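K.L.:
Given next are the chains, with one letter for each unit.
There are 2 protein chains.
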Amino acid sequence: MSTTPRERNARCSIARSLEVLGEKWTLLVVREAFFGYTRFADFRARLGIAPDVLTARLETLVEGGVLERRPYRDAGQRQRDEYVLTEAGRELKTVLGAFTAWGDEHRPSGFGPSVRYVEEATGEPVRVGFVTEDGREIGPDAVALVPGPGSLTSAA
Amino acid sequence: MSTTPRERNARCSIARSLEVLGEKWTLLVVREAFFGYTRFADFRARLGIAPDVLTARLETLVEGGVLERRPYRDAGQRQRDEYVLTEAGRELKTVLGAFTAWGDEHRPSGFGPSVRYVEEATGEPVRVGFVTEDGREIGPDAVALVPGPGSLTSAA
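Residue numbers (the UniProt record's numbering), protein chains in the order written: chain A, 1 to 156; chain B, 1 to 156.
No wet-lab data here; the hints were simulated from the structure. Note that the coordinates shown come from a computational prediction; the quantities given were computed from them, not determined experimentally. Do not take every clue at face value.
To be verified - Covered by chain A, per the in silico footprint, the following chain B stretches (three or more residues, Cβ under 8 Å): (1) 18-29; (2) 59-65; (3) 68-82; (4) 125-133; (5) 139-151.
C-beta: ideal position from N, C-alpha, C; glycine also.
Next up, chain A with everything else stripped away, as it sits in the complex (with noise of 0.2 Å):
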């Protein structure tokens, strides 16, 4: 590839959120995973990252049920392990879709969106929304935040 993850990054919208919104590293391997790359040194080159730090950042994915490792043996070579997306992991597209979304409205790269998501079965692009139980989709503005049995703000 003629290009480095620096660039790439740059036109990545949840690499661009993530510089705002958190730590980077972690929703750019899951991205990577729903690419399809598997193999440490797959992520390690397209991400740019360093070794040691790739190597944290799997074990929590995997210590957090989204990767999960599975050992592969290339012809001539030691036993390595891949990182598989979990159902948990899979599950992720929609936190990675609202990313993207997000980032393509509000931190543009000026090269146009790096990832689509579309409908498999049609290539019709599709886009994240908020959708009631009976299927309507309502615009976020319709949409408010309560606290939930969990919260403690209700109790305080």
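Since the structure of chain A is already known, use the hints to place chain B on it.
P.N.:
Below, chain B without anything else, positioned relative to chain A:
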């Protein structure tokens, strides 16, 4: 309040998600802003965050266009700044909604959800999902991530 920030965070799906997924404070500050808190002392008391860390996170959020400073002065006090969600900040509602759903499902606290999302007009629960351009909701398994125009993956 009789409860500690540690207890409050233990019940918060977003906090538990971010223990796996990134640096937690920024989105938690945003969550508190959605609940209507705007002041340094409120963020500090509700999150149990060290003052220097909170100062740094607020600075990040202001620079990133998520919060804006507004001066206020209580009677007999010096002028201080409060922190109010910008339009970009308010549009993080979908990101928080996606994180909450994931945390409720995959990192439950045992106390039930700490935040619920409801249609303001009806009180009806809403969920975050993928919606096609013609308004059909489709499950995440039917959605594919593909490189967009800003991606270097397709060009490499």
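K.L.:
Checked against the structure, which of the hints given earlier come out wrong?
P.N.:
Hint 3 alone not satisfied by this model.
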